[in-house]
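Chemist: Anchor point for the sequence shown: position 496 equals 496 in the numbering used here, and the numbering is continuous, going up by one each time.
Check each hint, because a few of them may be wrong.
[Unchecked claim] In the SDA-like style, the derived pairs of lysine to any residue whose C-alpha atoms are separated by at most 20 Å in a straight line are: (1) Lys362 x Val417; (2) Lys454 x Gly438; (3) Lys562 x Val524; (4) Lys240 x Lys360; (5) Lys196 x Ser66; (6) Lys25 x Thr74; (7) Lys61 x Ala266; (8) Lys427 x Lys482; (9) Lys360 x Lys399; (10) Lys2 x Asp159; (11) Lys381 x Asp292; (12) Lys381 x Lys427; (13) Lys25 x Asp179; (14) Lys552 x Gly608; (15) Lys241 x Asp200; (16) Lys314 x Lys381; (17) Lys370 x Ala266.
By construction, these hints were calculated from the structure, which means they are not laboratory data.
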Amino acid sequence: MKKKQFKAESKKLLDLMIHSIYTNKEIFLRELISNASDAIDKLYYCSLTDRKIKLKKEDFKIKIESDKENRTITVIDNGIGMDEEELEKNLGTIAQSGTELFRLENEKKKDIDVIGQFGVGFYSAFMVAKEIEVVSKKYGADQAHLWKSNGTDGYIIEDTSYDCFGTKITLYLKDDTEDENYSDYLDSYKLETIIKKYSDYITYPITMMKTSSKLKKGSKDEYEDVTEEETLNSMIPIWKKNKKDVKEEDYNSFYTDTYHDYENPARIITSSVEGRCSYKSLMFIPSHAPYDYYTKEYEKGLALYSNGVLIMEKCDKLLPDYFSFVKGLVDSEDISLNISRETLQEDYQIVLIAKSIESKIKKELETMLKEEREKYDEFFKNFGMQLKFGIYNDFGMHKDELKDLIMFYSSTEEKLVTLKEYVSRLKENQDKIFYACGESIAKINTLPQVESIKDKGYEILYLTEYVDEFCLQVLSEYEGKKFVNIASEDVDVDTEEEKKELEEKNKNSAEMFKEMLAQLNQEVKEIRFTNKLKNHPVCLSTKGNVSVEMEKVINAMPTDEKVTSEKVLEINENHPISKKLEELYKKDKEALKTYTKILYAEARLIEGLPVDNQTEITNLICELIAK
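Hey, can you work out the whole structure from these sequences and the hints?
Modeler: As structure tokens, this is what we get:
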């Protein structure tokens, strides 16, 4: 028996690996299974190059055993095994990876697909084990060896007997504490759950003895307990199968089972990329939004696999926020992981994959928009707001990528339309895209400005979501056509003659408007006549970039930021009220004050704004009615 100390710097380094590098204790089983898979890979590779080794891929497997009485978990593989020197080199030296050495020695050869890189995964087992025994016998050798350690006082290596080649790792679990119940890992269901979560796609069978109740042979109602060896993992992931061998219902079943959805996805996106960073991906666009999608609790991200081994359940770096609705996974052997294989290193490979995935999703959405419009309309009702946020966020950095994917309700088509479709129907010499804001389509239809714009044959986009106008302000224009709110002063649909007549009338009424403005405590910047109202007497329009709707949205947010739009009270020059105001200005200025306050209150109510002086306004209305 040889008793030795670890060749790494000190116990401090081992403590760091056990207690700091890994954040999730259950991954110890993933690491041991990955190491077992690597050992089998090495022997299988040797069998392909050495005719003396008479082994086939179906001869290999990884076996898991648990013993509740002795509090042990055992992982057994029939891989290449280790001799005494390799045991000491691979397990006695922390961060010495036999897998990495094997990879480097054979880096120019093909068909090598081993997982381990750093040589520290084995030590994750000390998170749950107070002692570990490793029995290993190298393929073709006569002598087996035992490596044993408690993770603190070095290790021992001695000769032992072992009937077969490969490696057997036995973990003696720590005693339960108030904070940790290590006994949970002895439960076969718990072990099976961990295996399916992290190692379901290891390419060799992972087996466990399981007891189940079965009907006795020749009996109709008598059962007996039968213990059988059962394979726990799927082995071949659906995304690695030949595409022609996978049916749509297979993808749908994978989606509904994996993501616990009751509906099939709206779109299935598969890709296999070869190049500077090779990867396979399988992604889904859900047919409806999750209940928590627009909440802080929702987590975006794709599952990240490395050679079929789950590294991260949700890698948010692989998806931009505006495509956060996408579910799925990426599997790559090229990604650089950190030492614990739990998180990613910041490197160009992830950036490359993310860029490629973003492009793939965008193309799929464009195809859906073009070829399956009804399905896209339904998709947009669920996730369109997220695309609009994508345009608005990051100072419009992604607006060019997303502008052709967003849609708004059209006053003429009476359905959702794209900006491209709107522009394709522009009137001759029309250089603006008109839009109106409101809580609903029905409320927008009641806005005074809408009626006259529609009567002149212009199409209006209806903005009913609070992000809509912010989105269009970031876009600013589309194909050279400026976005204009019909409630702003930028609306210009009059002929030169009409504009000249209106300008003259407003000039002649300037003194009257000055008198009226004095009654509104500077709540409006201007009062003027307008010809853009058909039957309505008044409306509010705005100057500058902040519209009335934006004012409502920003002021409703739970922040200290408050804004006020620069409002203009517009009075329909063709409505009887305009003549009434002119008469009052000449004969009864006190009554003019009353009318001014009431008209402004009406305009605020039409826009959905609060009226602060409600009692005063109702009293004034009653006085007029009583006359």
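Chemist: Each hint: holds or not?
Modeler: Against the structure, the hints come out as follows:
1. Lys362 x Val417: holds, 18 Å
2. Lys454 x Gly438: Satisfied, since the Cα-Cα distance of roughly 16 Å is no more than 20 Å.
3. Lys562 x Val524: Answer holds: lysine 562 to valine 524 is near 17 Å, not above 20 Å.
4. Lys240 x Lys360: Holds. Lysine 240 to lysine 360 sits at ~18 Å (cutoff 20 Å).
5. Lys196 x Ser66: With Cα atoms ~17 Å apart, lysine 196 and serine 66 stay inside 20 Å; holds.
6. Lys25 x Thr74: Cα-Cα ~16 Å, so holds.
7. Lys61 x Ala266: violated, 38 Å
8. Lys427 x Lys482: holds, 14 Å
9. Lys360 x Lys399: Between lysine 360 and lysine 399 the Cα gap is close to 17 Å, so the pair holds against 20 Å.
10. Lys2 x Asp159: holds, 10 Å
11. Lys381 x Asp292: This hinted pair holds, its Cα atoms lying about 16 Å apart.
12. Lys381 x Lys427: Between lysine 381 and lysine 427 the Cα gap is close to 28 Å, so the pair fails against 20 Å, i.e. violated.
13. Lys25 x Asp179: holds, 13 Å
14. Lys552 x Gly608: Judged against 20 Å, a Cα distance of about 9 Å means the pair holds.
15. Lys241 x Asp200: Holds, at about 15 Å.
16. Lys314 x Lys381: Judged against 20 Å, a Cα distance of about 25 Å means the pair is violated.
17. Lys370 x Ala266: Satisfied, since the Cα-Cα distance of roughly 15 Å is no more than 20 Å.
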